[in-house]
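Asker: Each chain, letter by letter, is given below.
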Amino acid sequence: MKVFCVIPAFNEAKNIKKVIDEVKLMVDRVVVVDDGSTDETYNLSRAGGATVLKHIINRGQGAALRTGVEYSLMNGADIIVHFDADGQFLSQDISKVIKPIKIGAADVVYGSRFLPVFSEAEGKAKGKTAMPLIKRYFIMPLARAVNKIFFKINLTDPQSGFRAMSARAARQVVWQQDRMAHCSEIMLEVKKNNLRVTEVSIRVIYHNFGQSFFGGFKILKDSFIARLVN
Amino acid sequence: MTQQLIALIIIAWFISRLVWQKKKNHIGANEFIFWLIFWLIAVCLIIFLKSIDRIVSGLGFSGSGIEVLLYLSVAILFYFIFRLRLRFEKIEKDLTKIVKNIALKDK
Chain A
20 MKVFCVIPAF NEAKNIKKVI DEVKLMVDRV VVVDDGSTDE TYNLSRAGGA TVLKHIINRG
80 QGAALRTGVE YSLMNGADII VHFDADGQFL SQDISKVIKP IKIGAADVVY GSRFLPVFSE
140 AEGKAKGKTA MPLIKRYFIM PLARAVNKIF FKINLTDPQS GFRAMSARAA RQVVWQQDRM
200 AHCSEIMLEV KKNNLRVTEV SIRVIYHNFG QSFFGGFKIL KDSFIARLVN
Chain B
1457 MTQQLIALII IAWFISRLVW QKKKNHIGAN EFIFWLIFWL IAVCLIIFLK SIDRIVSGLG
1517 FSGSGIEVLL YLSVAILFYF IFRLRLRFEK IEKDLTKIVK NIALKDK
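One line per chain: the protein sequences are A and B, in this order.
Using our numbering, you'd call the opening residue of the first sequence number 20 and step up by one each time.
Using our numbering, you'd call the opening residue of the second sequence number 1457 and step up by one each time.
Derived by calculation from the structure, the hints in this document are not laboratory data.
Owing to the predicted nature of the structure, the values given are computational and were not obtained by experimental measurement.
There's no promise every hint is true.
Said to hold, decoys possible - Pairwise CB distance ranges (calculated): (1) D1562/B / G95/A: 15 to 21 Å; (2) I1547/B / F236/A: 22 to 28 Å; (3) H1482/B / L207/A: 43 to 49 Å; (4) M20/A / R1541/B: 39 to 45 Å; (5) N30/A / W1495/B: 19 to 25 Å; (6) R1541/B / N30/A: 24 to 30 Å; (7) A1531/B / K37/A: 19 to 25 Å; (8) G1516/B / L207/A: 41 to 47 Å; (9) R1473/B / L92/A: 49 to 55 Å; (10) Q191/A / Y1535/B: 47 to 53 Å; (11) R1541/B / K21/A: 52 to 58 Å; (12) F1536/B / L152/A: 42 to 48 Å; (13) F236/A / G1519/B: 53 to 59 Å; (14) F236/A / F1544/B: 16 to 22 Å.
Stated by the list, open to error - 25 Å max Cα-Cα, derived SDA-like pairs, lysine to any residue: (15) K115/A / G55/A; (16) K237/A / F1544/B; (17) K1546/B / I76/A; (18) K237/A / K1561/B; (19) K43/A / D1562/B; (20) K115/A / I75/A; (21) K1563/B / M45/A; (22) K43/A / Y1535/B; (23) K1563/B / L152/A; (24) K1561/B / D47/A; (25) K240/A / L1540/B; (26) K237/A / L1540/B; (27) K1549/B / E89/A; (28) K1549/B / E204/A; (29) K1561/B / S114/A; (30) K1553/B / S114/A; (31) K1563/B / M93/A; (32) K1561/B / K240/A; (33) K1546/B / E204/A; (34) K1561/B / Q195/A; (35) K240/A / I1537/B; (36) K240/A / K1563/B; (37) K1549/B / N30/A; (38) K237/A / D1550/B; (39) K237/A / K1546/B; (40) K1561/B / K115/A.
Beta carbons: idealized from backbone N, C-alpha and C, even for Gly.
Work out the full structure: start from the sequences and follow the hints.
Answerer: Right, dumping it as structure tokens:
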């Protein structure tokens, strides 16, 4: 099975080389989508051995991901992994995320920062991942509640950017959101298409806060406007 | 009466600007006609303000005609902003489509 890893990158010259070096050991092809970076992201990604697609202007993570997924589907990917360029995710977790698809147990797998982490190498529980407290105990429970109440989706980590899909699922899951709201839209598309979903635990190294409380509101607003436009 | 006169002078100035912009080809024919009709309606409303007062009070509004016109214009403005917002979203989407196609083609 050919596994492609799509990494949207915007001004990630600091991390991209290391991320590619690690990820390429785990997958058949690394597809970096340089989303209009003004730094060396493009050149470093090419030097790192990734397939690099260039957005001539910045269109957002959702748009970059879509470009990468479309390229992967056009080039024979069987499994597509969505990964971040900032080095927060660990490449070793890719094998865990694609495993349920490989064995035919799921079409879509979400990497969850909230499930307890079991290190296969050490064979013992390593505890939960480090996440800013406000985010862990306020923002994320709120996001989970919104999903559960309004969309009847029960995921422990609805905003996780680490996920894998079979090619069949990737063809069905079509999202419109260019910016951060794409995570929620992907989740809704997966539900709409009745795809088999599972979550696996992943580890995250936090460099910054990520999505803020107001960012969450922006996601809701963007999703609402997109529904009106469509 | 004086207020009406001032309003009409201001509108006359806007219409003259409109004609000037049309002459310089800064705006298209459709846009010119739209704004011309808009300002002519405004002229009619100002001239017949007394009749509007009567209509408005007949409809049960407590405010005067000019106040109701103001409320209406705010509502219309909100609608235009909403329309603009949707149009803007559509342009954004088209832009992304172009950027994506260029990225895939240049590979």
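Asker: Taking the earlier hints as the rules, which of them does this structure contradict?
Answerer: Violated hints: 5, 7, 10, 11, 13, 15, 18, 20, 22, 23, 29, 30, 32, 36 and 40; rest satisfied.
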